[in-house]
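Here is how the chains run, residue by residue.
There are 2 protein chains.
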Amino acid sequence: MIAEILATGDEIRSGALIDSNSAYIAERLEEIGIPVTRHSCVGDDFETLVSILKEISTRVDICVATGGLGPTADDLSSEAAASAAGETLVVDAKALSDIETFFRLRKREMAASNRKQAMLPRTAETMYNPIGTAPGFSLKIGTCLFFFLPGVPHEMKRMLSHAVLPRISKMPGALKEHCLVRNISTFGLTESATGEKVAELVNDFPDVKIGLRAKFPEIHVKLYLNGQDLPTMQTRLALATEWIFKRLGRHVLSLKGASMQTVVGDLLRERAATLAVAESCTGGRIANWLTDVPGSSDYFLFSGVSYSNLAKTKILGVAPDLLKKYGAVHEETAKAMSEGARLVSGATYAISTTGIAGPTGGSDDKPVGTVCIGLATPEKSEGKRFYFPFGQRSMNKSIFGIAALNMLRKELLGR
Amino acid sequence: MIAEILATGDEIRSGALIDSNSAYIAERLEEIGIPVTRHSCVGDDFETLVSILKEISTRVDICVATGGLGPTADDLSSEAAASAAGETLVVDAKALSDIETFFRLRKREMAASNRKQAMLPRTAETMYNPIGTAPGFSLKIGTCLFFFLPGVPHEMKRMLSHAVLPRISKMPGALKEHCLVRNISTFGLTESATGEKVAELVNDFPDVKIGLRAKFPEIHVKLYLNGQDLPTMQTRLALATEWIFKRLGRHVLSLKGASMQTVVGDLLRERAATLAVAESCTGGRIANWLTDVPGSSDYFLFSGVSYSNLAKTKILGVAPDLLKKYGAVHEETAKAMSEGARLVSGATYAISTTGIAGPTGGSDDKPVGTVCIGLATPEKSEGKRFYFPFGQRSMNKSIFGIAALNMLRKELLGR
Chain A
1 MIAEILATGD EIRSGALIDS NSAYIAERLE EIGIPVTRHS CVGDDFETLV SILKEISTRV
61 DICVATGGLG PTADDLSSEA AASAAGETLV VDAKALSDIE TFFRLRKREM AASNRKQAML
121 PRTAETMYNP IGTAPGFSLK IGTCLFFFLP GVPHEMKRML SHAVLPRISK MPGALKEHCL
181 VRNISTFGLT ESATGEKVAE LVNDFPDVKI GLRAKFPEIH VKLYLNGQDL PTMQTRLALA
241 TEWIFKRLGR HVLSLKGASM QTVVGDLLRE RAATLAVAES CTGGRIANWL TDVPGSSDYF
301 LFSGVSYSNL AKTKILGVAP DLLKKYGAVH EETAKAMSEG ARLVSGATYA ISTTGIAGPT
361 GGSDDKPVGT VCIGLATPEK SEGKRFYFPF GQRSMNKSIF GIAALNMLRK ELLGR
Chain B
1 MIAEILATGD EIRSGALIDS NSAYIAERLE EIGIPVTRHS CVGDDFETLV SILKEISTRV
61 DICVATGGLG PTADDLSSEA AASAAGETLV VDAKALSDIE TFFRLRKREM AASNRKQAML
121 PRTAETMYNP IGTAPGFSLK IGTCLFFFLP GVPHEMKRML SHAVLPRISK MPGALKEHCL
181 VRNISTFGLT ESATGEKVAE LVNDFPDVKI GLRAKFPEIH VKLYLNGQDL PTMQTRLALA
241 TEWIFKRLGR HVLSLKGASM QTVVGDLLRE RAATLAVAES CTGGRIANWL TDVPGSSDYF
301 LFSGVSYSNL AKTKILGVAP DLLKKYGAVH EETAKAMSEG ARLVSGATYA ISTTGIAGPT
361 GGSDDKPVGT VCIGLATPEK SEGKRFYFPF GQRSMNKSIF GIAALNMLRK ELLGR
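Heads up: the sequence lines are chains A and B, in that order. Quick note on numbering: this note's numbering labels position 51 of the first sequence as 51, and the sequence is numbered without any gaps. Quick note on numbering: this note's numbering labels position 93 of the second sequence as 93, and the sequence is numbered without any gaps.
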């Protein structure tokens, strides 16, 4: 049993919107052992939609389609699906009452256009949507079972896990194969260098498929294993994971694919330690990453985000003489910033960044991409200079930020 | 002349990586008047690649493909393209010497696998890559001209604008049509409500196509106009833009599609004013947004990111009694935080956020999604409470942050 994914909508076709739904759906389908062979995207054009639905129905057993279920005139999924299946549209009374309830509960008026969302192909099975107005539906077109889901990501995700995946798992022919996936997050090597280091895995583990994912600035190594004998597969995957860990060593962040901020957060929590940050060139990105992790209030105390020298001296207590002597971008300044952040917040550890993210502000001496990172611990403090040749402001903010977290990670691991 | 886009790679097919390249390419092609009819994605499988290349070659005149040009064994674009065109692979001496130079300049050793990247189909025209190791190439398969670009976004973007788009613009049949695009960013209405307000544009402007793009928490309204008479088109588009501006009024952030942080930054710069932020529940997201804008050091002075009461009292000078009386999430606390951030930094304006982003920490009285926002100006300070029913931590951080920036925007505009 194989599947395809279809994203519809002019905003995706024209590039106004990046399609993140298809990747999410592919990952969930592969996890339950359904290989995804192709993704497609077309715009809101009735004839095109009907034609691609028919085309897909001849290639695969399952298709998950997103978008086109909204209330506006260019939302055509329901009509196109009915046409491809040779059916008429009828009102789904339960879907209509759900939409009415949705608006009543939120004390908002229901627009006349929302009524259209309850018009579904005659033999469709409705999937109700407790968190949005668009119901989804499944429909057989030829021998292929299509699932039509809303394009709004959190509505799509809920419907996928509550209605679509359970239904697929129960289909005859499904789940004869298990698929195990292991995601190993790494930092510090380029994608090519990582690829070469792990290329020989195939010699010892011809049954394990390997994939690299550049999730800048992290590189994730994914191991995939398909088969029928689950216990053996689990043993093989554990051995392959160990093989990778030996090869990549200190570059491995997590054998469970956790991000740098999650790994650092867990290390701090294990030690009952707390963290403060002083951010100049990263501009709040480190704090934003750290606080994206639920429960980060256990260890994250404070970040002082400041471009100006005034804030560096007044809030972090960096000596004006030191700033004058070394300038804003310097190891000694970074060191003093981390000391200041640690003192003012009472945190166990503090890290700091000061550098040149670009596009302007670089010099021959300190080109764009230069960053000084400070680390203060209960025992010592230090400042280090790095240069990253990426050139783009947003990439620089990310690489500066992850380098600072990595300096703390190494300290916590005693490396 | 119409185009398709092809993304290749198991990491995209399996959903490990979200494909942002296709959207970027679609947008650039449509801007030079080349309609994009379909995007597809397949994995690193030789037969599948050859087959989809042949399929696309029968449907369109131009195809831009990304991925599969790397040094590893699963990088198959060159081989598959040669096979689909019925050609052999040959070494491109200039490409090889470029790759060697790339490594020499960076003082890194060139891996043997990188040599493979210089093997290209015999009639291919090479597009050199000054910022990465993978050269791109163009190749005719049947009547369709394919452009094969690296999958790494910044390498792809550079090659697209330096080599691909200029080449397409010079092709016979190209650019007979102009395409004008206008992106209007808005905030404060749902996508449905925005859609209904602008639906009647078609009555007055049947020649203008309209699309909505939910770029959470902003909604962007895009106007597209195709035609041959550029001056008339420009007038029509200006009139349509005015029509939208009248309909959406105060919800319009920018008639040039600028983000909230850019709009607020420009308003501050025009007034020679500066800004400080005190972030509790937004955890640095506001500072990170503000500092993503190049030149933000003109107006952004400081953000104090703090979950703990200690930091609120010690760094922002919020009175402990006030915190004790009202609690951390309260209008009065938000107000005091903004006053403190303004005082400590010397900024003209300050905004603050304190709330419950979730997933835990909510109560009946203050459920997840509750936020109090403070605003301090030279004349006054105030605190307001909002509730946003999104439920997800990351969405809450974003909506809290943009609501705070919007409160400042309204103040700056005197609304």
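FYI, nobody ran anything at the bench for these hints, they're computed from the structure. Check before you lean on any hint, since a few could be wrong.
Said to hold, decoys possible - With a straight-line cut-off of 20 Å between C-alpha atoms, the simulated PhoX-like cross-links for lysine-lysine are:
#1 A/K116 / B/K197
#2 A/K215 / B/K116
#3 A/K246 / A/K410
#4 A/K197 / B/K116
Since we're looking at a predicted model, the values are computed, not measured.
Quick rundown of the hints versus the structure:
The hinted pair formed by A/K116 and B/K197 meets the criterion: a straight-line CA distance of about 17 Å does not exceed 20 Å. The suggested pairing of A/K215 with B/K116 is violated, with an alpha-carbon distance near 24 Å, which exceeds 20 Å. For the given pair, A/K246 sits about 17 Å from A/K410 by alpha-carbon distance, which is consistent with the 20 Å threshold. Taken as a hint, the A/K197 and B/K116 pair is honoured in the structure, with Cα atoms around 17 Å apart against an allowance of 20 Å.
In this structure, only the earlier hint numbered 2 is contradicted, and the remaining ones agree with it.
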